[in-house]
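Student: What follows is each chain in one-letter form.
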Amino acid sequence: LVVQVAQPTLVAAPPLSFEEVYLTRRVRLLQVAVLITGSPPVAEEVVQDAFIQLYRRWPQIDHPGAWVRSAVVSGCRTWQRRHIREREHQADDEFVVVDPDGIAVRQALRALTVRQRSAVVLRYFEDLSEREIAELLDCKRGTVKSLLSRSMEKLRRELDDD
Amino acid sequence: MTDTETVLRAGLRALAESTPLSGPDLSSFDRPSVTVMRRRRKTMVATSIAGGLIVLAAGAAASGNVPEPVRSAFNRFAHYDEPFPLDPDSAAQVATATGPDGSRFEYWRASVKDGGTCENVDLVEAGGKRHDRGASVCSHDDSHSSAGPHLFVLGGTEESRGFVVGHAPEGTASIRVSMGDDSVHAELTPDRFFAVWLSAEESKRVASVEALRPDGSILDHQDYDQTLPFKR
Numbered sequence: 001l002v003v004q005v006a007q008p009t010l011v012a013a014p015p016l017s018f019e020e021v022y023l024t025r026r027v028r029l030l031q032v033a034v035l036i037t038g039s040p041p042v043a044e045e046v047v048q049d050a051f052i053q054l055y056r057r058w059p060q061i062d063h064p065g066a067w068v069r070s071a072v073v074s075g076c077r078t079w080q081r082r083h084i085r086e087r088e089h090q091a092d093d094e095f096v097v098v099d100p101d102g103i104a105v106r107q108a109l110r111a112l113t114v115r116q117r118s119a120v121v122l123r124y125f126e127d128l129s130e131r132e133i134a135e136l137l138d139c140k141r142g143t144v145k146s147l148l149s150r151s152m153e154k155l156r157r158e159l160d161d162d
Numbered sequence: 001m002t003d004t005e006t007v008l009r010a011g012l013r014a015l016a017e018s019t020p021l022s023g024p025d026l027s028s029f030d031r032p033s034v035t036v037m038r039r040r041r042k043t044m045v046a047t048s049i050a051g052g053l054i055v056l057a058a059g060a061a062a063s064g065n066v067p068e069p070v071r072s073a074f075n076r077f078a079h080y081d082e083p084f085p086l087d088p089d090s091a092a093q094v095a096t097a098t099g100p101d102g103s104r105f106e107y108w109r110a111s112v113k114d115g116g117t118c119e120n121v122d123l124v125e126a127g128g129k130r131h132d133r134g135a136s137v138c139s140h141d142d143s144h145s146s147a148g149p150h151l152f153v154l155g156g157t158e159e160s161r162g163f164v165v166g167h168a169p170e171g172t173a174s175i176r177v178s179m180g181d182d183s184v185h186a187e188l189t190p191d192r193f194f195a196v197w198l199s200a201e202e203s204k205r206v207a208s209v210e211a212l213r214p215d216g217s218i219l220d221h222q223d224y225d226q227t228l229p230f231k232r
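Taken in sequence, the protein lines are chains B and C.
Heads up: the first sequence runs through residues 1 to 162, numbered per my numbering.
Heads up: the second sequence runs through residues 1 to 232, numbered per my numbering.
No lab work stands behind these hints: they were computed from the structure.
For glycine and all other residues, C-beta sits at the position ideal for the given N, C-alpha and C.
Hints are supplied without guarantee of correctness; some may be wrong.
Chain B residues, not near chain C, derived (Cβ > 12 Å throughout) [unchecked claim]:
1. V32
2. T78
3. D101
4. A108
Just the calculated beta-carbon pair ranges, DEER-fashion [stated by the list, open to error]:
5. C/H131 x B/T78: 34 to 40 Å
6. B/R141 x C/K129: 38 to 44 Å
7. C/S183 x B/E20: 19 to 25 Å
8. C/P85 x B/P59: 25 to 31 Å
9. B/L23 x C/E5: 28 to 34 Å
10. B/R141 x C/D142: 44 to 50 Å
Excised from the complex, chain C in its bound form (with noise of 0.2 Å):
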């Protein structure tokens, strides 16, 4: 950063600070009925993810194109811009899953700039289509984040498929989604992401996901009890 930046930068921040505001005044407003009714897509928490079928497809990371409702999705976070400031130019897709019908889990990232990161996937339909209902999360702390040195899932469901994601620590030669008497093996991108795409079936079974050394042996995991997600 150049010093005309730093100052800028600096003198910015003083300005705005200096500004006097008038207290927030809600009575110009009435209430807005319609808030109920809005059309807004909802992240829930929680439910059920499991293991894997079909592949997992490399990840390549390019911050250059970031479609519209991955960029959405974390400017959602722009609303807690107080935890959440995100790096607008660090968004990058980092792994792909495609499924047997041809659609895909698309898991972008991006960097939280007190620390931290927001992950996004996204379902993208063998036509192209991409579905307007990214789920997000977002997280300061890197032990909960890909940003840290442990293995670190997410999971979710759409109606007729699944997905997992994360990134493995150091070490990883590769993921093992158990599934009680059967697993799948992903590989994982050279920046150590890996995304897993799962038949509806399939993700109802997961039982755990597994980094394993190049021996084989489990290197770190995180269970998954049918109750809560993934479990540190």
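The shape of chain B in the complex, shown without the other chains (with noise of 0.2 Å):
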């Protein structure tokens, strides 16, 4: 199909180089990594892995940005399973936060399991649509909900706390 633009305005989506996306994308996914995972060494370690993947499996992919926050949601669930049996990181606290909804809020994501957490992120922060955020947790669209609702419960308990 060729679609007329004439307007300046309009924009087409035009093919990207990796070079782009990863200069393009890679502050947001950091962004989301450290949300779900509290660490931000451990975010830096994880979206370079996701890119490295991209880098790797390049021609053979169409839409590298939902690939690589696919790659980096799944890379924040690796490093859950890693944490869990290792117990080795003590994620949280590794940054000052000096705004008290950020403060109140990282207290609160405390409560959640990481995959709570990567469900509460992905809806509020990334403001995805349910289907999409199931098909990035690899579960079915109630399933999302459930989490999105037991979350929020948590969520609300905790926030009302302080």
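With the hints as a guide, bring the two chains together.
Tutor: See the structure below:
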């Protein structure tokens, strides 16, 4: 298909290079990974691993932005399993937060499992739909609904306690 | 939005902004020489589109079941998440145009959170095969998107077929696609969207797209000069 784009305010999506994807997506993905894992060093590792996988598979991937986000969420899950097994990281409190909402939410997020945190971050930070979250977490949409509902209950209690 | 959601969103933003981040480091990647060989869909700018043959079909705005190729097309703009943060739940099929060969162009639309829209047109063959070549455009500017008060038109061609889709201003009774000596009329959906399926030959002759009042007078129009698409 060829679409006409006459007006300068219209933008058609051009092909992206690996560098463009890296430079435009990396910071946002790091933020997502930090919110899920609670640890900037772990987030750096997870995101860099995801981009290395993307780089290796580049010719076969049609939607690199979506792909690498999926790889980051998956990487956070893998980190969680390793973390539980090895108990080697104390992820939280590795960076300073001064915003009162930020402090309260960081404290409240600790009450959630990594899976619940992933759902919450993808819904309320990345603004993804339940269907998109279900694909990323490899579960049914109903499971996402349930994850979000339970998470919000916990968060409400935690935030009210503050 | 509940108070908890409001605090949560604000807190997540604050946490994200507090995150200490290292600078980008591309040195661990060799320059990917495969980039130029990538099999990647390319949405080209401009070319011909024209007027139309067959039919327009009514659009049933249904946001529940967005086909994967359409979602992927919209997701391409996620790469531009600063300029075009889409509302993922807003994607809806707003109009469909079916041709004599049974193929159809589906017109999908999604809202951009900070204003404007993204539009996507997909070609579906008679047998149901959906081409993985959806064409999309996004705009923040309401005067150049289907969210605006003016006649909004997008046109495109595929090898043997073409389309005109768009959104009409309030007060429009029907759409006329003029092709010199002849023309095709298209009906509007209840939300004033329209879609027209064109043969390749017809798509070379489109001169203008006009929004007509009930008395047949022209309320708004976009001309096509064979060089640029539709000019306002």
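Student: Take the hints in turn and mark each one as holding or not.
Tutor: Each hint tested on the structure:
no. : hint                        : in the structure
1   : V32                         : violated (8 Å)
2   : T78                         : holds (20 Å)
3   : D101                        : violated (4 Å)
4   : A108                        : violated (8 Å)
5   : C/H131 x B/T78: 34 to 40 Å  : holds (36 Å)
6   : B/R141 x C/K129: 38 to 44 Å : violated (26 Å)
7   : C/S183 x B/E20: 19 to 25 Å  : violated (43 Å)
8   : C/P85 x B/P59: 25 to 31 Å   : holds (29 Å)
9   : B/L23 x C/E5: 28 to 34 Å    : holds (31 Å)
10  : B/R141 x C/D142: 44 to 50 Å : violated (32 Å)
In this structure, the hints that do not hold are numbers 1, 3, 4, 6, 7 and 10, in rising order.
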